[in-house]
Amino acid sequence: MTTNDPQQQQMIRDAMKAIAERKPGRAKLVYDKTKRTIVAVAEGAQMLRALNITADDADMFAVVTLSSRWLREQWPLITRDRIVSAMFSSWDDGDAFTQCCLGVQPSPSVIEGAVLLGDGAVTPDGTQLRVLFTPVEGSSFDPSTFAAPDGSAHHAAAWRTVNNTDEAVTAVFADVQPELATRRSGILETSVLSDKSVLCIGLGTGGAHAAIELAKCGVGRFTLVDRDRLSVGNVVRHPGGISQVGRYKVNVVRDLIHEKNPDAQVLTYPVELTYENAEIVKEMIAQASVVICGTDNRPSKLLVNRLCVEANVVAVYGGAFRRAYGGQILRVRPKRSPCHECFVAAMPEEASDVEVSSASDAGDIAYSDRPVAVEPGLSLDVLPIANMLAKLSLLELLADKPTSLSILGRDYDAPWYLWLNRPEPGTQYASWPPLSESSDEMTINRWYGIYFDRDAACPVCGDFISTLADSYGLDLASLGALPSLPSKE
Amino acid sequence: MWTAEQRQRLVLEHEILQKEGFTQFSVYQDKAADTYSAHGVTLSNAGYRYRLYISIPPGFPYQRPSMYITEPLPLLMADGTPVTRLGVSHQMHTLEPSSNGMVQICHWRDARWHSSILLQKVFLKGLIWIEAYEQHIATGRPLAEFVRTMAETL
Chain A
1 MTTNDPQQQQ MIRDAMKAIA ERKPGRAKLV YDKTKRTIVA VAEGAQMLRA LNITADDADM
61 FAVVTLSSRW LREQWPLITR DRIVSAMFSS WDDGDAFTQC CLGVQPSPSV IEGAVLLGDG
121 AVTPDGTQLR VLFTPVEGSS FDPSTFAAPD GSAHHAAAWR TVNNTDEAVT AVFADVQPEL
181 ATRRSGILET SVLSDKSVLC IGLGTGGAHA AIELAKCGVG RFTLVDRDRL SVGNVVRHPG
241 GISQVGRYKV NVVRDLIHEK NPDAQVLTYP VELTYENAEI VKEMIAQASV VICGTDNRPS
301 KLLVNRLCVE ANVVAVYGGA FRRAYGGQIL RVRPKRSPCH ECFVAAMPEE ASDVEVSSAS
361 DAGDIAYSDR PVAVEPGLSL DVLPIANMLA KLSLLELLAD KPTSLSILGR DYDAPWYLWL
421 NRPEPGTQYA SWPPLSESSD EMTINRWYGI YFDRDAACPV CGDFISTLAD SYGLDLASLG
481 ALPSLPSKE
Chain B
490 MWTAEQRQRL VLEHEILQKE GFTQFSVYQD KAADTYSAHG VTLSNAGYRY RLYISIPPGF
550 PYQRPSMYIT EPLPLLMADG TPVTRLGVSH QMHTLEPSSN GMVQICHWRD ARWHSSILLQ
610 KVFLKGLIWI EAYEQHIATG RPLAEFVRTM AETL
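Order-wise, the sequence lines are chains A and B. Take 1 as the starting number for the first sequence in the working numbering and just add one per residue. Take 490 as the starting number for the second sequence in the working numbering and just add one per residue.
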């Protein structure tokens, strides 16, 4: 309420309550055509006291949001028993109540509620929120009307109990999937991505952000692989928050995916990607429509690369340079574009420039007498790379479906994409011109798609063995057996 | 379980070692255990004897092989202490020693390894390490002063 006058506040509350309960009251709300606002008019006053009420005032009641899907599923039970209990997250000192089954992350304050059909049912002790459904005739639907699966329509009125008194609460319904799909329609059709499966290996800032973006787009299946738990230090960059610290990142991201796409199927594997579990990863890759590799070490990227090329599954590799002064993405379409092994052979320095964002990463490259500092970049410098990772993955997922994004195929044709946040001193990019002075030279804050050729002698996607034998004048067909192991070593 | 491609690669690696003059080294298969290794004895320029031993991991060539000095044992620093005591050392270009006390030479770190690198190049780095080690013994200065940081392009 915008007014601070307690008397006026009470008058507005009484009027709104009377309307919500469809009962005559001592005050009423009417629309004043002259003032073009809603006014509250108190009965019995010597002078009609009109209160200007803004749209904000009209939204003065707390709101309870119920799941339409849950109601449809429970409707047979509701019609039989006339009462069904439900749990609600209470937010902002009781300003909003969200049915817990709508999401995976409830409020710290969860209250017991009941859904009632008709006036006859008795709510059990301790019920703090009641939602009463009463049949309505006709076809006029408002946000508080529920269309039941049996074809009937019911108006919902709700009350919360505070200090043994009832306060009216506005009841609304959330039909999650149709509403989410509506927001995507025009760009992506409702179910175009629901049967697509994304394997996300590495759920640091980039990988986690990309996964969540794809969930927003409607991707229906995810497999998440990461061995790490969320630490306090991660929180300044990772989508997971401080209340999630200590959890496996795969579980944190699973819940964030469900917050955006409740119907998504998410499998989680809190394991390290190594050669020892390559067979398991191979099975995951075989099920994937596309693989997003957000790991920050070369062995895991090369392992994923080999397995994806073997399985003929497109993989997108993303990573930030040190301190996230920039980043790069490599998209590998097996046998059609250079693979990660080709990339390493063609551009060894670029392939080796990685961000050291954790103690684990630092430990992998440090010596006992030459430690490596953990030097993560800023979240805002990683997110452009994460966004591009998601975008390229999305285009691959849509490759066989005509959408309004299909036209981007011509723009995202290169295998390698480079982004710079700043012209880092000591790098080959230090001499790049200022953004404001460049018209056709490379600058920061732009994506560059860069072409390079497949390596015909690549050990993964080329014919390494034959090429190697040829280069040494050896005939593969006439190679002998290996010598016997010396008897005493 | 080794793939046919891996086995072929290892045979080819052996042939390249012989053809390129690294005849003191061979690739061997332990048929009973079905494991592979590459090793041999070499002499430094000063005539001292060393044995280099490369353990071929199941993921080879995609997984980096480890190279050890198995003779002399123990391998000592200029001050008489075992090199293995240093662990992962930049000054001496060593990685984690083996469980039985062998010095592991840092040829390529995992972050730099890729599957196009041949065992011949790994042995070459071992030979360079041995020469630098002998300079360390002669002068007491860190081995790293005698070899530039092992770059991928070597």
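Some clues are possibly wrong.
[Claimed, not checked] Incomplete in silico selection of chain B near chain A, CB under 8 Å: (1) Gly510; (2) Phe511; (3) Pro561; (4) Ser578; (5) Ser587; (6) Asn589; (7) Gly590.
[To be verified] Sample of chain A residues with no beta-carbon within 10 Å of chain B, all distances over it, derived: (8) Ala96; (9) Asp125; (10) Asn297; (11) Glu341; (12) Ser368; (13) Asp369; (14) Pro459; (15) Ile465; (16) Ser484.
Keep in mind that the hints were calculated from the coordinates and are not lab data. Built from N, CA and C at the ideal position, the CB exists for glycine as well.
Against the structure, the hints come out as follows:
Interface hint status for Gly510 (chain B): violated, as the beta-carbon distance to the closest one in chain A is roughly 12 Å, over 8 Å. About 12 Å separates the beta-carbon of Phe511 (chain B) from the nearest beta-carbon of chain A, more than 8 Å, and the hint is not met. The beta carbon of Pro561 (chain B) comes no nearer than 15 Å to any beta carbon in chain A, farther than 8 Å, and the hint placing it at the interface is violated. Because the smallest distance between the Cβ of Ser578 (chain B) and any Cβ of chain A comes to about 5 Å, under 8 Å, the interface hint for this residue holds.
The restraint placing Ser587 (chain B) at the interface with chain A is violated, with a minimum CB-CB distance near 14 Å, outside the 8 Å limit. With 8 Å as the threshold, the beta carbon of Asn589 (chain B) stays out of range of chain A, its nearest partner Cβ sitting at about 12 Å, so the hint is violated. A hinted interface residue such as Gly590 (chain B) counts as satisfied when its beta carbon comes closer than 8 Å to some beta carbon of chain A; here the least separation is about 15 Å, so the hint is violated. The Cβ of Ala96 (chain A) sits about 49 Å from the closest Cβ of chain B, beyond the 10 Å cut-off, so the non-interface label holds.
Remark: the non-interface label on Asp125 (chain A) is consistent with the geometry, its nearest Cβ contact in chain B lying 63 Å away (cut-off 10 Å). Interface exclusion of Asn297 (chain A) from chain B breaks down, the closest Cβ pair being 6 Å apart, not more than 10 Å. Chain B draws Glu341 (chain A) into its interface by the beta-carbon criterion, the shortest separation being 6 Å against a cut-off of 10 Å. At roughly 5 Å from the closest C-beta of chain B, the C-beta of Ser368 (chain A) falls inside 10 Å, breaking its exclusion from the interface.
The claim that Asp369 (chain A) lies off the interface is violated: its Cβ sits roughly 5 Å from the closest Cβ of chain B, which falls inside the 10 Å cut-off. With a cut of 10 Å on Cβ distances, Pro459 (chain A) falls inside the contact zone with chain B, its closest approach being about 4 Å. Not every Cβ of chain B is farther than 10 Å from the Cβ of Ile465 (chain A); the closest lies at roughly 6 Å, contradicting the non-interface assignment. Once the 10 Å rule is applied to beta carbons, Ser484 (chain A) is inconsistent with being away from chain B; the minimum gap is 7 Å.
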